[in-house]
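Q: Sequence:
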Amino acid sequence: MPRDYAALAVGDVISDRTFPLGLDGVQKYASAARDESGVFDPTDEPPTVPPMAVATFALRGVLDDLGIPEGTLHVGQEMSFLGAVAAGEELSCKAVISQNAVKTDYRLMAVGIEVRDGKDRPVMTAKSTILVPA
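When you line the sequence shown up against our numbering, it's residues 1 to 134, in that order.
Worth flagging that the hints you see were computed from the coordinates, not collected in a lab. Note that beta-carbon positions come from the ideal geometry of N, C-alpha and C, so glycine has one too. Some clues are possibly wrong.
What the hints assert, rightly or not - Here are the computed distance ranges between Cβ atoms for each label pair:
#1 G118 to T56: 17 to 25 Å
#2 Q27 to A101: 16 to 24 Å
#3 G76 to D16: 19 to 27 Å
#4 E78 to R17: 18 to 26 Å
#5 S92 to A7: 21 to 29 Å
#6 S80 to R34: 37 to 45 Å
#7 S92 to L8: 20 to 28 Å
Said to hold, decoys possible - Straight-line distance between alpha carbons at most 16 Å, and here's what the computed EDC-like set of lysine to aspartate or glutamate pairs gives:
#8 K94 to E70
#9 K94 to D65
#10 K94 to E45
#11 K119 to E90
#12 K127 to D12
Modelling step: build the complete structure from the supplied sequences, incorporating the hints.
A: Below, the structure written as structure tokens:
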């Protein structure tokens, strides 16, 4: 069933989930992204996860929970990485509506995102802005 985006208010939580950052998934990300930053070395104990891998796994869950329709445009992304994450950690991600307004033929929505590690320390904050067909 399609989501009623007009009913979403500023402050509404649209996603609140945990996700593991297993070594296998991080290796697949590093290979697919051709990550050559040097941050991720699978022989380290434990390996450090590339920051964009944290963002990728977090945003995947948020987008799944938001259920954006075909024709949605991703128009902005801001991210801050606040701490290193080790492969094998379970992270929590919470996403909250920070803007929701109709502009011409689109609904402009902004979502604030916070990712925390297993010790409840923030490791990433982000803001995603999308245009959803009205």
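Q: Each hint: holds or not?
A: Each hint, compared with the structure:
no. : hint                    : in the structure
1   : G118 to T56: 17 to 25 Å : 19 Å, holds
2   : Q27 to A101: 16 to 24 Å : 41 Å, violated
3   : G76 to D16: 19 to 27 Å  : 22 Å, holds
4   : E78 to R17: 18 to 26 Å  : 21 Å, holds
5   : S92 to A7: 21 to 29 Å   : 25 Å, holds
6   : S80 to R34: 37 to 45 Å  : 24 Å, violated
7   : S92 to L8: 20 to 28 Å   : 21 Å, holds
8   : K94 to E70              : 24 Å, violated
9   : K94 to D65              : 11 Å, holds
10  : K94 to E45              : 28 Å, violated
11  : K119 to E90             : 10 Å, holds
12  : K127 to D12             : 15 Å, holds
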